[in-house]
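Enquirer: Given chain A, put chain B in place with the hints provided.
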Amino acid sequence: MDVFLELALILIVAKLFGYLAVRLGFPAALGQLIGGILIGPSILGLVGFDEAVKLLADLGVVMLLFLAGLETDVEEFKHVGIPAFIIASLGVLIPFILGYVGALAWGYSNIEAMFLGGVLTATSVGLTTSILMEMKKLRTRVGTTILAAAVVDDVLGIIVLTILVGINTRGSVYFKDLLIILGEVVLYFGIGLLIGNPAVREALKLSERITLPETVTAFAIAIMLIFAYLAEQFQIAGITGAYLAGLLVASTDEAKEVDRKFMTIGYSLFIPVFLVSIGIESDVRVLAHAGTFALIYAILAIVSKVVGCGFGAFVSKFRPIESLQVGVGMIPRMEVALIMANVALNEGVFDSGTFSIPVTMVLVTTIVTPFLLKWAFSRE
Amino acid sequence: MEILLLIAVMLATAKLMGYLFERLGQPVVLGQIFGGLLIGIFFETNPVIGQFANLGVLLLLFMAGLESELEEFKRVGKQSVVVASLGVLVAFLFGFAVAYLFVPLHEAILYGAMMTPTSVSITVKVLMEMRKLNTREGTTILAAAVVDDVLGILVLTVAISMIKGGEVNYASLAEVVLSVSLLLFFFLYFGPGLADRVFRILSRIDLPESETAFALVFLIVFAFLAEHLNLASILGAYLTGLALGQSSKKKTIMDHMNVLGYSLFIPLFFVEVGMRIELDYILHAGLFAVLYTIASIVSKIVGCGLGAKLAGFDWGASLRIGVGMIPRMGVELAMLAVAMGSGIIGPDALTVAILMVFVTTVITPPLLKWLYSR
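So the protein lines, in turn, are chains A and B. Take 1 as the starting number for the first sequence in our numbering and just add one per residue. Take 1001 as the starting number for the second sequence in our numbering and just add one per residue.
If we strip away everything but chain A, and leave its shape as in the complex, we get:
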């Protein structure tokens, strides 16, 4: 199908299914996910998911996290640092242990089990962000904590992956690689805060003086893209970079205007395309062939994050219901988990059968998250 026509179809599906979901009392994102599954390869096969549409979707999630950064209460963010660290750490540790032990018990080899445990550690917070934003819960202590914990989780995930690759290739933890990775992370955030902060400020101030239409917005887009690009150069997820960029822009004078314009651009095109594209990329046919362990693994994925992050929140003095909300918000595994599984595939640790286990897990966590989030937040 023509690329643009595909895009038009995706937009229609996004708005119609989103509307239906809202009418039925669910987050619009759930409807968009289901709409995506419907037009995707597993059911109707209407869209080929062209590269230009894929880029729109990628930009959509980047924009979502940038907006989340913009709308984050920066003061609050500074206060949730320690809780976020505890939550993310437990949210990496417990999924890893459960995944590892579960896989060992099912008869996988030690190294396979380690990678299966590792894949469970990486939260992808895009879906949660869109739902929280929709429910107007992003700007709460729970929302801010989830985002902060997701940043920490991203960094911990890279460390876990580096350790696993080291163990696989050399039989031991390879400290030099680990130091390089840690150095890169420190460097990225260091540059981002020390140079990035004044640079963002000056760039936006300059853009105010340029009288062409929408210059401030165009500059903000460029800033967002550069942060995302550099993050990826430093092994960090692009969305984490975009979130950092959003946080920095949030404290500038242009924050309000950028926020308003990004809402327009984001929600008229990019973000709906992202949400529908999650559905398009979820091939539900996988479920039909999923083995017993794949389902157990998916359940472990859900339980381990809820327990790990929830417990982390609880010991950080969150109320029980808030702890549950934090735990549920951290459930979704998407691109980072798949990247890890891909590494395992390329390293020869996974065969294609083993690879389908994380794929099933990603699908299940993606589908259950909207329901669980709605449930967790309606219990207040």
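Please keep in mind that the hints were generated in silico from the structure rather than gathered at the bench. Check each hint, because a few of them may be wrong.
To be verified - Which stretches of chain A does chain B cover? Using the computed rule of at least three CB atoms under 8 Å from a CB of chain B, they are:
#1 7-14
#2 288-294
Unchecked claim - Straight-line distance between alpha carbons at most 25 Å, and here's what the computed SDA-like set of lysine to any residue pairs gives:
#3 A:K136 <-> A:G291
#4 A:K54 <-> B:L1005
#5 A:K54 <-> B:L1207
#6 B:K1251 <-> A:R260
#7 B:K1251 <-> A:M263
#8 B:K1078 <-> B:L1306
#9 B:K1251 <-> A:L212
#10 A:K256 <-> A:P198
#11 A:K205 <-> B:P1347
#12 B:K1125 <-> A:R209
#13 B:K1250 <-> B:F1186
#14 A:K256 <-> B:T1252
#15 B:K1125 <-> A:R260
#16 B:K1251 <-> B:G1193
#17 B:K1249 <-> A:I12
#18 A:K136 <-> B:L1207
#19 B:K1249 <-> A:D259
#20 B:K1251 <-> A:T211
#21 B:K1078 <-> B:L1319
#22 A:K54 <-> A:I43
#23 B:K1369 <-> A:E184
C-beta: ideal position from N, C-alpha, C; glycine also.
Expert: Here is chain B on its own, set in the frame of chain A:
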């Protein structure tokens, strides 16, 4: 993801170079193309960016349609139609004649078509500065520019459909003209009312930015439809804008599409045009480009001037109107992109078109000021 960096660089270039050129008294678009030329040395454009740029073209034409004041046009009416029609006719003939000396028949037809529309934003700015916009000449120019956009796009559409596959096909001419007229009638007569009704139903969807998203959907669907009917996609985009511009949703859609267009897709288009220019072409274009540019200036002064005289203006006013209709900018380049997309002409046409854009936009303000001060 190199592409993220590339988009960021293109956006920053578009705004900085555009601003620089504006400060130097040159058109913004030219700065953006020049910026594209510069970064083209370090980066190569890629197909996905090309798709984004195509969306920019559609948005550009959609905005042009949206901003067209049909009311204004009804008020000044006949005079502007005469001015615009003669301007388009003469421009087409001149452009065709000059191009036919250098290139084969089917390419020459396209070169003729590309010369037809006018971008009056520069003229408007000059007239505004001199407080002459709300004169009879000013409104005639404004309204003529609307007519002239439509006619220009029609001419290009007819040209492209006639030349399918590189052969001139006169048999389909009648067919094309008929389908274009039907489309035009449908959009102008039913479009606005239909748009109102559809948007009233859609307004029940209270998700953020639904209206803008559906405006995009209509834009894409009708652009595709036009393309599918063997017409140019920009015709569909322009007519969709025109129809929505007469509906009650005009304001919201215009504000939001402006943000979407000018913060990303439209600047990307102009910078991408620059990135596709190869320095070789500029050196080779030479005589053809120069003659073509001269033809573009003379044709509008003669065509629109004569039209104005016929419509009852005196010679002085006719000359001013003719000069006011000289500038070529956005729409011409969008048409060029479409013509290149159809595979009928190659990227060397860019050089010719850009020289025309440069010269026509640069000479118009001083010429106008001089004419008014006499």
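Enquirer: If a hint holds in the structure, say so; if it doesn't, say that too.
Expert: Hints, verified against the model:
1. 7-14: n = 5 at 8 Å, threshold three: holds.
2. 288-294: With 0 residues closer than 8 Å to chain B, the segment 288-294 of chain A misses the three-residue bar; violated.
3. A:K136 <-> A:G291: Since the Cα atoms of K136 of chain A and G291 of chain A sit roughly 38 Å apart, the hinted pair is violated (cutoff 25 Å).
4. A:K54 <-> B:L1005: holds, 16 Å
5. A:K54 <-> B:L1207: Holds, at roughly 23 Å.
6. B:K1251 <-> A:R260: Roughly 17 Å between the alpha carbons, so the hint for K1251 of chain B and R260 of chain A holds.
7. B:K1251 <-> A:M263: holds, 17 Å
8. B:K1078 <-> B:L1306: holds, 14 Å
9. B:K1251 <-> A:L212: The given pair, whose Cα atoms are some 20 Å apart, holds under the 25 Å limit.
10. A:K256 <-> A:P198: Holds. K256 of chain A to P198 of chain A sits at ~18 Å (cutoff 25 Å).
11. A:K205 <-> B:P1347: violated, 38 Å
12. B:K1125 <-> A:R209: This hinted pair holds, its Cα atoms lying about 20 Å apart.
13. B:K1250 <-> B:F1186: holds, 19 Å
14. A:K256 <-> B:T1252: holds, 19 Å
15. B:K1125 <-> A:R260: violated, 29 Å
16. B:K1251 <-> B:G1193: holds, 16 Å
17. B:K1249 <-> A:I12: Holds: K1249 of chain B and I12 of chain A sit about 19 Å apart, inside 25 Å.
18. A:K136 <-> B:L1207: Answer holds: K136 of chain A to L1207 of chain B is near 13 Å, not above 25 Å.
19. B:K1249 <-> A:D259: Judged against 25 Å, a Cα distance of about 23 Å means the pair holds.
20. B:K1251 <-> A:T211: holds, 22 Å
21. B:K1078 <-> B:L1319: Given pair K1078 of chain B, L1319 of chain B holds - Cα atoms ~18 Å apart, limit 25 Å.
22. A:K54 <-> A:I43: This hinted pair holds, its Cα atoms lying about 19 Å apart.
23. B:K1369 <-> A:E184: violated, 59 Å
Comparing the model with each numbered hint stated earlier shows that hints 2, 3, 11, 15, 23 do not hold.
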